[in-house]
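In this text, residue positions in the sequence shown follow the UniProt record's numbering: the first is 1, and each later residue adds one.
Warning: the hint list may mix true and false statements.
[Stated by the list, open to error] Using 30 angstroms as the maximum straight-line C-alpha spacing, the simulated DSSO-like pairs for lysine-lysine come out as follows:
id, residue 1, residue 2
1, LYS25, LYS41
2, LYS134, LYS25
3, LYS52, LYS87
4, LYS82, LYS103
5, LYS41, LYS112
6, LYS95, LYS52
7, LYS76, LYS103
8, LYS87, LYS103
9, LYS52, LYS134
10, LYS112, LYS134
11, LYS88, LYS41
12, LYS88, LYS52
13, LYS41, LYS76
14, LYS41, LYS52
15, LYS52, LYS103
16, LYS142, LYS52
17, LYS52, LYS112
18, LYS82, LYS32
19, LYS80, LYS52
20, LYS52, LYS32
[Claimed, not checked] Quick list of simulated restraints, FRET-style, between CB atoms:
id, residue 1, residue 2, range
21, GLU77, LEU153, 32 to 38 angstroms
22, SER20, GLU77, 15 to 21 angstroms
23, ILE108, GLU160, 52 to 58 angstroms
FYI, nobody ran anything at the bench for these hints, they're computed from the structure. Where a beta carbon is used, it is the ideal one built from N, C-alpha and C, also for glycine.
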Amino acid sequence: MNIINESGILAISTRLQRLSEQLRKDGALFYKSYGIDFEPKWFPVIYTLHHKGVLSVVEIANEIGYTHPSTISLLKELEKQKLIRSKKDKVDERKRLIVLTVKGQELIQEMKPVWAVMTQVLSDIADNQNNLLKAIDEAENKILHQSFLQRALQLKSENES
1 MNIINESGIL AISTRLQRLS EQLRKDGALF YKSYGIDFEP KWFPVIYTLH HKGVLSVVEI
61 ANEIGYTHPS TISLLKELEK QKLIRSKKDK VDERKRLIVL TVKGQELIQE MKPVWAVMTQ
121 VLSDIADNQN NLLKAIDEAE NKILHQSFLQ RALQLKSENE S
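Turn these sequences into a full structure, and let the hints steer you where they fit.
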């Protein structure tokens, strides 16, 4: 066991990042095994547009839970790959609406069988005695009500008084 694993809860962010990077790397290689050139980081946008159709940049950012700047940089990449395109909102000219291109829609059809296999494998990985997905849901819900920073500052102030 390495020191990060031994450090327990203090290294949770490091361990989640490590797990995430491993899943992303393997995911990219698995897409390649199907002859699909796809970056896992594109998944949230592509999947969201597949299910929601046309969305504004702000709506996409809210759906995937990313900051506006992070979302815009992802959208630029996807536009460069010709997987999405933007059009002006007829009602509000300032608003850009994002849609999948034909190439993006064809890619989704190619990826559906890959997603089926991935769903099975990830379900098996997460289905432990302490279900990983359920635990993440619970932790995210707690953070939604009071962030890590808010909790830490509150405890600091209680300890100082």
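Each hint tested on the structure:
no.	hint	result
1	LYS25 / LYS41	holds, 10 angstroms
2	LYS134 / LYS25	holds, 23 angstroms
3	LYS52 / LYS87	holds, 16 angstroms
4	LYS82 / LYS103	holds, 7 angstroms
5	LYS41 / LYS112	holds, 17 angstroms
6	LYS95 / LYS52	holds, 17 angstroms
7	LYS76 / LYS103	holds, 16 angstroms
8	LYS87 / LYS103	holds, 16 angstroms
9	LYS52 / LYS134	holds, 25 angstroms
10	LYS112 / LYS134	holds, 24 angstroms
11	LYS88 / LYS41	holds, 25 angstroms
12	LYS88 / LYS52	holds, 17 angstroms
13	LYS41 / LYS76	holds, 13 angstroms
14	LYS41 / LYS52	holds, 18 angstroms
15	LYS52 / LYS103	holds, 17 angstroms
16	LYS142 / LYS52	holds, 27 angstroms
17	LYS52 / LYS112	holds, 16 angstroms
18	LYS82 / LYS32	holds, 19 angstroms
19	LYS80 / LYS52	holds, 21 angstroms
20	LYS52 / LYS32	holds, 26 angstroms
21	GLU77 / LEU153: 32 to 38 angstroms	holds, 36 angstroms
22	SER20 / GLU77: 15 to 21 angstroms	holds, 19 angstroms
23	ILE108 / GLU160: 52 to 58 angstroms	holds, 53 angstroms
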